[in-house]
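2 protein chains.
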Amino acid sequence: MLTLYFSPMACSLASRIGLAEAGVGAEYVNVDLASKEMSSRGSFLDVSAKGKVPVLRLEDATILTETPAILSCIADLAPGKKLAPPPGTGERYAFQEWLSFLGTELHKQHLYPIYSPKTDARVKEFARSHIDEPLRFLEDRLEASRYLMGDAFSLADAYLVWGLILAKRASPAFDQYPSLASYLARVCMRPAVAESIAVERTMLKRP
Amino acid sequence: MLTLYFSPMACSLASRIGLAEAGVGAEYVNVDLASKEMSSRGSFLDVSAKGKVPVLRLEDATILTETPAILSCIADLAPGKKLAPPPGTGERYAFQEWLSFLGTELHKQHLYPIYSPKTDARVKEFARSHIDEPLRFLEDRLEASRYLMGDAFSLADAYLVWGLILAKRASPAFDQYPSLASYLARVCMRPAVAESIAVERTMLKRP
Numbered sequence: 019m020l021t022l023y024f025s026p027m028a029c030s031l032a033s034r035i036g037l038a039e040a041g042v043g044a045e046y047v048n049v050d051l052a053s054k055e056m057s058s059r060g061s062f063l064d065v066s067a068k069g070k071v072p073v074l075r076l077e078d079a080t081i082l083t084e085t086p087a088i089l090s091c092i093a094d095l096a097p098g099k100k101l102a103p104p105p106g107t108g109e110r111y112a113f114q115e116w117l118s119f120l121g122t123e124l125h126k127q128h129l130y131p132i133y134s135p136k137t138d139a140r141v142k143e144f145a146r147s148h149i150d151e152p153l154r155f156l157e158d159r160l161e162a163s164r165y166l167m168g169d170a171f172s173l174a175d176a177y178l179v180w181g182l183i184l185a186k187r188a189s190p191a192f193d194q195y196p197s198l199a200s201y202l203a204r205v206c207m208r209p210a211v212a213e214s215i216a217v218e219r220t221m222l223k224r225p
Numbered sequence: 019m020l021t022l023y024f025s026p027m028a029c030s031l032a033s034r035i036g037l038a039e040a041g042v043g044a045e046y047v048n049v050d051l052a053s054k055e056m057s058s059r060g061s062f063l064d065v066s067a068k069g070k071v072p073v074l075r076l077e078d079a080t081i082l083t084e085t086p087a088i089l090s091c092i093a094d095l096a097p098g099k100k101l102a103p104p105p106g107t108g109e110r111y112a113f114q115e116w117l118s119f120l121g122t123e124l125h126k127q128h129l130y131p132i133y134s135p136k137t138d139a140r141v142k143e144f145a146r147s148h149i150d151e152p153l154r155f156l157e158d159r160l161e162a163s164r165y166l167m168g169d170a171f172s173l174a175d176a177y178l179v180w181g182l183i184l185a186k187r188a189s190p191a192f193d194q195y196p197s198l199a200s201y202l203a204r205v206c207m208r209p210a211v212a213e214s215i216a217v218e219r220t221m222l223k224r225p
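Those sequence lines, one after another, are chains A and B.
Under this note's numbering, the first residue of the first sequence is numbered 19, with each subsequent residue one higher.
Under this note's numbering, the first residue of the second sequence is numbered 19, with each subsequent residue one higher.
Everything labelled a hint here was simulated from the structure, so no lab data went into it.
Misleading hints may appear alongside valid ones.
What the hints assert, rightly or not - Simulated crosslink set (BS3-like; lysine-lysine; CA at most 27 Å straight-line):
1) K136(B) - K136(A)
2) K68(A) - K186(B)
3) K136(B) - K68(B)
4) K54(A) - K68(A)
5) K142(A) - K142(B)
6) K186(A) - K68(B)
As the structure is a prediction and not an experimental result, all values here were calculated from the model.
Chain A with its partners taken away, still in its complex shape (with noise of 0.2 Å):
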């Protein structure tokens, strides 16, 4: 059985939608990211020394952790669903490539100062000023395309769904992006994406 390390709304809402996706069983375990303790009891230090989620434990123990990594891992899980590209191929490069975009530029560069408890004020407000950038490329892309990958949805637009989450409620701009809204409404609506956010959002609520 896999288990996904995950905190609610967390970034690794993405694994959750591509384990959904891809129809593949996991057990799930929610961490505390201020102190570390686990659902299941324990340190979250003694799973990965990083001590940040999404991480992905396999069936033979292996410990895998960013989320580029694991969406392609899950996809490969089941080829059948086709969620990437298959690997050696010249399209997975292009999926490594917006899954590459999305942790730098959008994730990192701007939702995780954003949100982040450990950045100051000004840190947060820059990264909020400059959070368009990425929009606007990221709308261009969907003005012309379906999906990040073309017609047909695969793990990059897991990742951006969660992306898009965060930024709408981030930056007043956003209904600048009509393509970006109705991109985020469409993929909302698949049954595996709208599950995934239900229950962790469920889980917010809680006392």
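Following the hints, put chain B in place on chain A, whose structure we already have.
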């Protein structure tokens, strides 16, 4: 013929090192990142709308961006050199994991704000004062292991060597990481690495 669009000592150095290690010939086009002008004339924005280096133009004219995707592609062009685990293997995810960590935690979260002309003083200062977090993680890894992936050099090391050159200049505390210092010296002695760095440093010195 491949073409690598680069800027001297920018993160595209990792891709130059990759090509040199792979023994793959390429044309090199120097991009002025401020004006977007190229040594081969014309606007770089016509090559890539992102306007960022590295860009690798493949034989079939495919344009590939993002260091993790480009390094993966280069490694696969010369499988006999074993610069990355083969696509579709479990070890390949670990390779992708390192590329993602370097791209997000070291590069985009710290080196980018420290060196980018676009970020302001407060943002630079915050990044400089927090760079020890990824450096400590890397120090622990390289105390236990000769290279990021274990006993053998991979193109994840090509990315890290560029990162450490910049980190050493940015962090007065770099001396506190003896394993990083000896790793950097050791990797810089590889002929392909030494020559790649020498070529780009010479370009920086030209008037």
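Checked hints:
no.	hint	verdict
1	K136(B) - K136(A)	22 Å, holds
2	K68(A) - K186(B)	22 Å, holds
3	K136(B) - K68(B)	15 Å, holds
4	K54(A) - K68(A)	11 Å, holds
5	K142(A) - K142(B)	13 Å, holds
6	K186(A) - K68(B)	22 Å, holds
No hint from the list above goes unmet by this structure.
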